[in-house]
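Colleague: What follows is the residue order along each chain.
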Amino acid sequence: MSATDLVGTALPPAAVVVERGAVAAFAEAVTDTSPVYQRADAARAAGFDAIPAPPTFTFAARLLGAFPDLQPARPEGALEVTDVIAALRTDGGLILHAEQEFTYHRPVLTGSTVHLTGEVEDVRVTTNSRGQTMTFVRIRTDTRDDAGELLVTEVMTLLHRA
Amino acid sequence: MAEGTTAPDKGPVFFEDLEVGGKAPVRTLTLTRTDLVRYAGASRDFNPLHHDDERARAAGMKSVFGHGMFSAGLLATALTDLVGVGNLRGYKVRFTTQAWPGDALSTDITVTGKDEATGTVQLDCQVVNTDGKAVVAGSAVATPVRARGNAGGPAS
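The listed protein sequences correspond, in order, to chains A and B. Per my numbering, the first sequence starts with residue 1, numbered consecutively. Per my numbering, the second sequence starts with residue 1, numbered consecutively.
Just chain A, with the same shape it has in the complex (with noise of 0.2 Å):
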């Protein structure tokens, strides 16, 4: 397999409850003490409807609250992120994070069931100054609400060196 071919594949969607105690134990671990992420009327009073999530808690979501009775069915050739990471080290090499970059649209927000959709959308190869491979690939999640309106926009860009 070419790193290439990656290019379009899926990830499984994920629906994902979006908990006051999961935004406030995330809030709390990225060192925010802001009230807005503990307190409903602190919420009400900065101009949300309920309760926000915090602005890097969408990387986490699929892990903190995709219940397995409300997942969607899963599309034929659909790829976990796990997965994506085992294809490209089918020969070894190094995965780093390289980068990560967000769009903000509209406020994730407590209590509601957000829905995330994801693909590799694009792969770019280079050799390094010591004539390594450097494989970049692009991640892209969307994350929306119940009536599909865009929430946040979220590349994961991984490097493979090999």
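These are calculated hints, taken from the structure and not from any lab test. Where hints are given, some of them may not hold.
To be verified - What follows is a list of derived Cβ distance ranges for each label pair:
| id | chain 1 | residue 1 | chain 2 | residue 2 | range |
| --- | --- | --- | --- | --- | --- |
| 1 | A | 44 | B | 57 | 44 to 50 Å |
| 2 | B | 116 | A | 78 | 30 to 36 Å |
| 3 | A | 80 | B | 16 | 43 to 49 Å |
| 4 | A | 147 | B | 47 | 30 to 36 Å |
| 5 | A | 33 | B | 54 | 29 to 35 Å |
| 6 | B | 62 | A | 49 | 29 to 35 Å |
We put the CB at the ideal spot given by N, CA and C, even for glycine.
Start from chain A and add chain B according to the hints.
Modeller: Below, chain B without anything else, positioned relative to chain A:
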């Protein structure tokens, strides 16, 4: 808040308060293993390289080291402290080096651009270690509240 964190206690600023070349208040954190375990639990990222010294050494590292997304989260906290929760429109980081327990991390945020018409500010941002080396480095776009009325609704 994590032990050893210092953070500015001022609220977010208005769009009008930000000037190109201006710096945000610095957040500092002396990284502990507890910080990493707390982030591992909150993000469900239980890669042992971030909490198990034996496994980290077996993988050739001198000890456990921070999740890149922990540093990215710390930096996002400094960004929203400045521009207000809900006012970030975009944020991106590159992961440049590891953060080790005991490292004194500090945030460094600079206003690089400002658009009056859209109420948008551009920022360069990084987390640097004790040696002044970037752990994560990137940029952000935000729409801070205007002194008279908000330019946009909350996003993150």
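Colleague: Run every hint past the structure and note whether it holds.
Modeller: We went through each hint and held it up to the structure:
| no. | hint | result |
| --- | --- | --- |
| 1 | A:44 <-> B:57: 44 to 50 Å | holds, 48 Å |
| 2 | B:116 <-> A:78: 30 to 36 Å | violated, 45 Å |
| 3 | A:80 <-> B:16: 43 to 49 Å | holds, 46 Å |
| 4 | A:147 <-> B:47: 30 to 36 Å | holds, 35 Å |
| 5 | A:33 <-> B:54: 29 to 35 Å | holds, 33 Å |
| 6 | B:62 <-> A:49: 29 to 35 Å | violated, 47 Å |
Of the hints listed earlier, those the structure fails to meet are numbers 2 and 6, in rising order.
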